[in-house]
Amino acid sequence: LGALEFSLLYDQENSSLHCTLIKAKGLKPMDSNGLADPYVKLHLLPGASKSNKLRTKTLRNTRNPVWNETLVYHGITDEDMQRKTLRQGEGLGISVCDEDKFGHNEFIGETRVSLKKLKANQKKNFNICLERVIPVAPSLSSAAHSRVPISGRFLLQVDRGGDVEERGKILVSLMYSTQQGGLIVGIVRCVHLAAMDANGYSDPFVKLWLKPDMGKKAKHKTQIKKKTLNPEFNEEFFYDIKHSDLAKKSLDISVWDYDIGKSNDYIGGCQLGITAKGERLKHWYECLKNKDKKIERWHTLQNE
1 LGALEFSLLY DQENSSLHCT LIKAKGLKPM DSNGLADPYV KLHLLPGASK SNKLRTKTLR
61 NTRNPVWNET LVYHGITDED MQRKTLRQGE GLGISVCDED KFGHNEFIGE TRVSLKKLKA
121 NQKKNFNICL ERVIPVAPSL SSAAHSRVPI SGRFLLQVDR GGDVEERGKI LVSLMYSTQQ
181 GGLIVGIVRC VHLAAMDANG YSDPFVKLWL KPDMGKKAKH KTQIKKKTLN PEFNEEFFYD
241 IKHSDLAKKS LDISVWDYDI GKSNDYIGGC QLGITAKGER LKHWYECLKN KDKKIERWHT
301 LQNE
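Under the UniProt record's numbering, think of the first position of the sequence shown as 1, with each following residue one higher.
Take these hints with a grain of salt, some might be off.
Said to hold, decoys possible - In the SDA-like style, the derived pairs of lysine to any residue whose C-alpha atoms are separated by at most 20 Å in a straight line are:
hint, residue 1, residue 2
1, 293, 236
2, 248, 281
3, 249, 184
4, 262, 216
5, 207, 239
6, 294, 12
What the hints assert, rightly or not - Here are the computed distance ranges between Cβ atoms for each label pair:
hint, residue 1, residue 2, range
7, 128, 188, 27 to 37 Å
8, 26, 264, 42 to 52 Å
9, 264, 218, 17 to 27 Å
10, 13, 240, 43 to 53 Å
11, 188, 264, 18 to 28 Å
12, 125, 218, 44 to 54 Å
13, 33, 263, 47 to 57 Å
14, 181, 14, 22 to 32 Å
15, 228, 11, 21 to 31 Å
16, 129, 303, 35 to 45 Å
17, 227, 178, 55 to 65 Å
18, 247, 227, 49 to 59 Å
19, 245, 278, 19 to 29 Å
20, 68, 248, 49 to 59 Å
No lab work stands behind these hints: they were computed from the structure.
Backbone N, C-alpha and C fix where the C-beta goes; we use that ideal spot for every residue, glycine too.
Hey, can you work out the whole structure from these sequences and the hints?
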C-alpha cells in the first residue's frame with residue numbers, strides 16, 4: 001500500500017498538536033493511468049463533527065507525493081494528551097486517500113500511533129507502512145460502516161465522558177489595566193464547537209456578561225463567524241471597573257449559534273470568578289493578582 005513519513009509535536013505552551021505530513025512512497029495505484037491523486041486526512045475522535053477533521057492538499061498523478069504540510073489541532077491540553085492515551089487500542093490514525101473527481105474518494109491505507117509516545121515539546125518522526133483498515137471501536141462503527149471510509153482517522157478515541165469534549169473549548173485572555181482603570185477581556189478563538197446547523201457547522205458568536213449590578217455596560221458580544229466550528233475572533237472588550245470591585249464579580253461567557261429569524265442556539269459556556277472552581281477560579285485569581293499582565297487560558301465549554 002505504501003509508506004508514510006510524518007512527524008508529531010505536542011506544543012505544551014500553546015496547547016497545540018502539530019502533525020507534519022512529509023511524504024508517502026510507493027502508494028498503491030488507484031487510477032486507470034496507474035497513478036493516484038493522494039491526500040492525507042486526520043480525524044480527532046470522538047465525534048464525527050467536521051471540527052476535528054483536517055486534511056492536506058491533494059497532489060495530482062503521483063504515487064510518491066511530497067506534501068511538507070503541517071496540520072494543527074488547537075486547544076489540546078496535557079489532560080487531553082493523558083486522557084486520550086490511557087485506554088487501550090487508541091492513538092492516532094492517519095489515512096491516505098485518493099481524490100476522485102467523479103465518484104467517492106477512495107481509501108488507500110491508514111496507520112495509527114499511540115500518543116503515549118509523545119513527549120511534550122519534542123518532535124518525533126515516523127516512517128510507517130500503511131495498512132488496509134485498522135479495526136475500529138464499536139462506538140465509531142456507524143461512521144466506519146458508511147460507504148465512504150473516514151479517511152485519515154486521527155484516532156484519539158475517548159469515550160464520551162459526559163459533556164466534556166462535545167461542546168468545545170474557548171481561549172480567553174484577561175488583563176486588569178491600571179492605565180485604563182478597567183478589565184480587558186479577550187476572546188481569542190474556540191475549537192471543536194458542537195455543530196448546531198443541518199450542514200454540520202455552526203455560525204458562532206460569543207456573549208460576555210459581567211455580573212452582578214453592572215447595568216447596560218455589563219454585556220458585550222463578538223462578531224458572528226459563519227459556517228465554522230473553529231472560529232477565530234481575536235476581539236477585546238473593556239469593562240470600566242475598579243480593581244477592588246472585581247473580586248465581587250463573575251464573568252459569564254457563552255457561545256451561541258446565530259440563526260436568522262429564530263432564536264439563537266446555545267452551544268456552551270463557562271463562568272469565571274471567585275465562586276468558580278478549578279481553572280476558572282485560577283484564571284480569575286491570576287488576573288486579580290497580576291495587574292497589567294495578559295493571562296490566556298483555555299476553558300472547556302459546558303452545557304450550564
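Hints and how they fare:
1. Taking the CA atoms of residue 293 and residue 236, the gap is about 15 Å. The hint holds against a cut of 20 Å.
2. About 13 Å separates the Cα atoms of residue 248 and residue 281, which keeps this hinted pair within 20 Å; it holds.
3. About 14 Å separates the Cα atoms of residue 249 and residue 184, which keeps this hinted pair within 20 Å; it holds.
4. Restraint check for residue 262 and residue 216: not satisfied, since their Cα atoms lie roughly 24 Å apart, outside the 20 Å limit.
5. At most 20 Å may separate the alpha-carbon atoms for a hinted pair to count; residue 207 and residue 239 meet this at roughly 14 Å.
6. For the hint pairing residue 294 with residue 12, the CA-to-CA distance comes to about 18 Å; that is within 20 Å, so the pair holds.
7. For the pair residue 128 and residue 188, the supplied restraint of 27 to 37 Å holds, since their beta-carbon distance comes to about 34 Å.
8. For residue 26 paired with residue 264, a C-beta distance near 51 Å keeps the hint of 42 to 52 Å intact.
9. Between residue 264 and residue 218 the Cβ separation comes to about 19 Å, which falls inside the hinted range of 17 to 27 Å.
10. For the hinted restraint 43 to 53 Å between residue 13 and residue 240, the CB-CB distance of approximately 32 Å leaves it violated.
11. Take residue 188 and residue 264: their Cβ atoms lie about 21 Å apart, and the range 18 to 28 Å holds.
12. Between residue 125 and residue 218 the C-beta distance comes to about 51 Å, which sits within the given range of 44 to 54 Å.
13. Between residue 33 and residue 263 the C-beta distance comes to about 53 Å, which sits within the given range of 47 to 57 Å.
14. In this structure the supplied range 22 to 32 Å holds for residue 181 paired with residue 14, their Cβ-Cβ distance being about 31 Å.
15. Here the CB-CB span from residue 228 to residue 11 is close to 22 Å, well matched to the stated 21 to 31 Å.
16. For the pair residue 129 and residue 303, the beta carbons lie near 43 Å from each other, so the given range of 35 to 45 Å is met.
17. Remark: the range hint 55 to 65 Å for residue 227 to residue 178 is contradicted by a beta-carbon distance near 40 Å.
18. Here the CB-CB span from residue 247 to residue 227 is close to 40 Å, at odds with the stated 49 to 59 Å.
19. In this structure, residue 245 and residue 278 meet the distance hint of 19 to 29 Å, their C-beta atoms being roughly 24 Å apart.
20. Roughly 53 Å separates the CB atoms of residue 68 and residue 248, a value that falls within the hinted 49 to 59 Å.
Going down the numbered hints, you'll see the structure goes against 4, 10, 17 and 18, while the others check out.
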